[in-house]
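*Asks:* Sequence:
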Amino acid sequence: MESLSTSRTLMVVHCVCLFWSLFAITQSVRLTNGPHLEMKRTFGGPWKYLTFLNQILQIVLFVICVIHDVIYIRNPTRRKGLPVRLVTIRDWMFSVLVFPIGTFVVFTFWILYAFDRKFIFFQELDGTSPSWVNNFMHTTILPLLLIELIICPHKYPSRKKGVLGLTIFATIYIIW
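Counting from 1, one number per residue, gives the positions in the sequence shown under the working numbering.
Incorrect hints may appear among the rest.
[As the list claims (entries may be wrong)] DSSO-like mimics (lysine-lysine), calculated; alpha carbons at most 27 Å apart, straight line: (1) LYS48 x LYS118; (2) LYS80 x LYS155; (3) LYS48 x LYS155.
By construction, these hints were calculated from the structure, which means they are not laboratory data.
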């Protein structure tokens, strides 16, 4: 059982991660010049990019974490009902979707970038998007996930259920 001060620390960390993720996605969406404007007009807009979906998943995860932390701080003895459901959802989301997809996004982006920058971002597009927005969307997600992995204990689903959940998500993503 965690102490109230530990719960408050967790809430602060979860709030920082939530605001960081919100800031990253709002800055990415707010870009109005260059190819980003054209991207918004195409089918699916930013929703067709795994990076964008990953940011949305992280935001949902950290919202769930903050809600759980607030409930726990207000009533530390409450061990059934909504807090238990939130922990179950949080643990499933983190272990099945957010951590694997976030890790995949970071490593795929940087491996492709190191191999040939043009696979990711043409040099002609440098003036359309600040490099820090690119780093927010493709680099800083991994430290946030590692922080969550270290500071917050999770109950992981069985390997079969985890792989099934990730496979269903990947199949839906590829088909749409």
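*Asks:* Determine for every hint whether it applies to the structure shown.
*Replies:* Comparing the hints with the structure gives:
| no. | hint | in the structure |
| --- | --- | --- |
| 1 | LYS48 x LYS118 | holds, 19 Å |
| 2 | LYS80 x LYS155 | holds, 16 Å |
| 3 | LYS48 x LYS155 | violated, 30 Å |
Checked against the numbered hints above, the structure breaks only hint 3 and satisfies the rest.
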